[in-house]
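Could you put together the complete structure from these sequences and hints?
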Amino acid sequence: MSADGIVRDHYRQFADWLAQQTPDAIERKRMEADLTFRRVGITFAVYGDGAGTERLIPFDLIPRIIPASEWEQMQAGLVQRVSALNMFIDDIYHEQHIIRAGIIPAEQIYRNAQYRPEMQGIKVANDIYAHIAGIDIVRAGAGEFYVLEDNLRVPSGVSYMLEDRKMMMRLYPELFASHKVAPVEHYPDMLLDNLRSVAPMGVLDPTVVVMTPGMYNSAYFEHAFLAQQMGVELVEGKDLYVTNNAVWMRTTHGPKRVDVIYRRLDDDFLDPLAFRADSALGVPGLLSVYRAGHVTLANAIGTGVADDKSIYPYVPDIIRFYLSEEPILNNVPTYQCRKKAELDYTLANLPDLVVKEVHGAGGYGMLVGPASTKEQIDDFRQRLIARPDGYIAQPTLALSNCPTFVESGVAPRHIDLRPFVLSGKTISMVPGGLTRVALREGSLVVNSSQGGGTKDTWVLES
Amino acid sequence: MLSRTADHLFWMARYTERAENTARMLDVNVQTALLPQSEEAARHAWRALLGISELQHGYDQKHDAVTQRDVIEFMVCDPSNPSSIIACLTEARENARAVRGTLTTEVWEVTNQTYLDLRRRLHGGQLHKDPSQFFEWVKYRSHLSRGVTLGTMLRDEAVNFLRLGTFIERADNTARILDVKFHGDDGEARRDFYYWAALLRSVSGFEIYRKVYRDVITPERVAELLMLRADMPRSLLACMEEVVANLREVRNDVSADTERLAGKLHAELQFARIEDILEAGLHDTLTEFLRRIYELGNGVSRDFLVPLAA
Chain A
1 MSADGIVRDH YRQFADWLAQ QTPDAIERKR MEADLTFRRV GITFAVYGDG AGTERLIPFD
61 LIPRIIPASE WEQMQAGLVQ RVSALNMFID DIYHEQHIIR AGIIPAEQIY RNAQYRPEMQ
121 GIKVANDIYA HIAGIDIVRA GAGEFYVLED NLRVPSGVSY MLEDRKMMMR LYPELFASHK
181 VAPVEHYPDM LLDNLRSVAP MGVLDPTVVV MTPGMYNSAY FEHAFLAQQM GVELVEGKDL
241 YVTNNAVWMR TTHGPKRVDV IYRRLDDDFL DPLAFRADSA LGVPGLLSVY RAGHVTLANA
301 IGTGVADDKS IYPYVPDIIR FYLSEEPILN NVPTYQCRKK AELDYTLANL PDLVVKEVHG
361 AGGYGMLVGP ASTKEQIDDF RQRLIARPDG YIAQPTLALS NCPTFVESGV APRHIDLRPF
421 VLSGKTISMV PGGLTRVALR EGSLVVNSSQ GGGTKDTWVL ES
Chain B
1 MLSRTADHLF WMARYTERAE NTARMLDVNV QTALLPQSEE AARHAWRALL GISELQHGYD
61 QKHDAVTQRD VIEFMVCDPS NPSSIIACLT EARENARAVR GTLTTEVWEV TNQTYLDLRR
121 RLHGGQLHKD PSQFFEWVKY RSHLSRGVTL GTMLRDEAVN FLRLGTFIER ADNTARILDV
181 KFHGDDGEAR RDFYYWAALL RSVSGFEIYR KVYRDVITPE RVAELLMLRA DMPRSLLACM
241 EEVVANLREV RNDVSADTER LAGKLHAELQ FARIEDILEA GLHDTLTEFL RRIYELGNGV
301 SRDFLVPLAA
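Taken in sequence, the protein lines are chains A and B. Each residue of the first sequence is one higher than the last, beginning at 1 in the UniProt record's numbering. Each residue of the second sequence is one higher than the last, beginning at 1 in the UniProt record's numbering.
Think of the hints as simulated: they come from the structure by calculation, not from any bench. Keep in mind it's a predicted model, so treat the numbers as computed, not measured. Yeah, the Cβ is synthetic: ideal placement off N, Cα and C, and Gly gets one too. Some hints could be false.
Quick partial rundown of chain A residues pointing at chain B, CB under 10 Å, derived from the structure [to be verified]: (1) Arg38; (2) Val40; (3) Met190; (4) Ala227; (5) Gln229; (6) Lys256.
In structure tokens, the structure reads:
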């Protein structure tokens, strides 16, 4: 819906259909969806809620609809952005042209907690680092897309994108007959193809595995889902070991060599010999095999250096530097509090700004100025003054809304979109992504850990 | 297949089968307890059940006296008893969850749904009002789990390990169900008839017995049916045929001894005569069988499930 309450063209057909549905019928469908999600076990574990506690992510029955023209623009912007980010990571771990050109100060790299000196000078297959990226995008006006965050480490949510679609097709097959919704179901196929394309040199028929921290991880459902959909093994660290400069998995028929690991755990936990010694989740010696080029990790170690909020403000310049192109997707204007003038501006305008921790994630540790009390704002002021380089600030955008079922009926709620961009020999993606919706009125926070929900995302074919 | 995956599959099937067999065993006792009998005899029957399940000690630590209600409570709902139905079905589901990507969606959903429904069923005292109905439900869910496994899964190693788990567990349980009687006393003939009839029903063998023997029920024939008939689905011989066949499918470089163990056990049953077994002593024969099944389970673990190091 547009700001003045008029139904946008591409929603019109859906709105007509919705107007004919009785509240009862909708409620029945909603219950059916809940039951199905519960039976299928599409749940996520909640940290600090006791091991094994599983919750459903609220699923909204109204799809988010994107016209083909908007998607094409977004897609072009995503290809551009992810290419540049991959070139940036490669450069950072090799020649560092961008630092020498004076575009990014060296300390922004070296002081970045996600920078991995172990990666310096390492050759990775096809020079690809962020094989799977989940870029969070909001729309603030016609054709105006803003990137909120580049998730280049282990972005989650693609399984919800696929399950939400499956659910909508099951509940409302008639809608798919009347709308030309671009399919997304081939994502696992594309992912497998992509992972195989980045196997170590000389490996013609690579063995791909998905690596999970285990079934108590919040995204375990997704890890198991992707392994199953791709038909590859889902491994834990203890299933793998390193010998003779190669990675092997323990099978009922003895050791089997592993070539590509789609790992869903953070750098810190990958190899207790190289990173956190207290972690039992990883594989001792993995880094040495990786450095020798005998196994591919997707995503590469050290990709976090490029998706940190402290690097985010530089992404438009990164695009200009490597591609000599103007960015297609906007950055949200960002004030870097480590700079004196920008800190002063931030402190003076706190009630209007969103302040985020540089290394924060999951919607924790942030201040949403317009929605905060004076006490909360004062508290953040103290934190900013004490440690300015730990924060950035952004204006609150006039985010687009999407009609959403809430207690009182259908009402507008803020949404964002996370398309999943695959980088291998080429860059590819399925049309759509995970739409997250802030279920609380006025809230801008869509993270599932903060009570956000999801919607099916329809890219209409023209 | 990953050793860990095989391990989860093997135990998922074992726990599902164990829950089913616990339900069957409890049902025999519930049925026979309906007959007129002394309090002492009834207590004895429940005590025999605990003994054969090796749960006497665990039970005594929680309960002062042996009553039907407490034994059922302990064997169905007590999460601290690792063989209780609730513990088994929870474990089956946890193992399934760990390898849900290896299972078909249908197999996973049946296992998950069983787990979700179990809690609802145990809530509200229905169990003690009509225990047989609850046991029926457990058996039904186990049938469903096996059926959906065979009906939807690729016949590959995953199925072999599921089947190995099912039949090793079932062989163990059938031997125990048969042996319960010999933990008990030798009661009067009339009660014996009802006992053996209930036992046959508990292994879905009553109609089969009539079809096979066309004669009155005798303990000897019940023993023969449950031990030596290859066409009786829950007999020891039928279980061993499945174990041998599935082991052959997954054999690896180190599994020869385990195959030999299974093959010998199978051959002995195949060529055994019930008269000889009874003469040697049924209880001793079953005890020896249980020991060897235990050894076989360990062999499978050692050869396939515990990771083969480099």
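Q) What hint numbers does the structure not satisfy? A) Failing hint: just 3.
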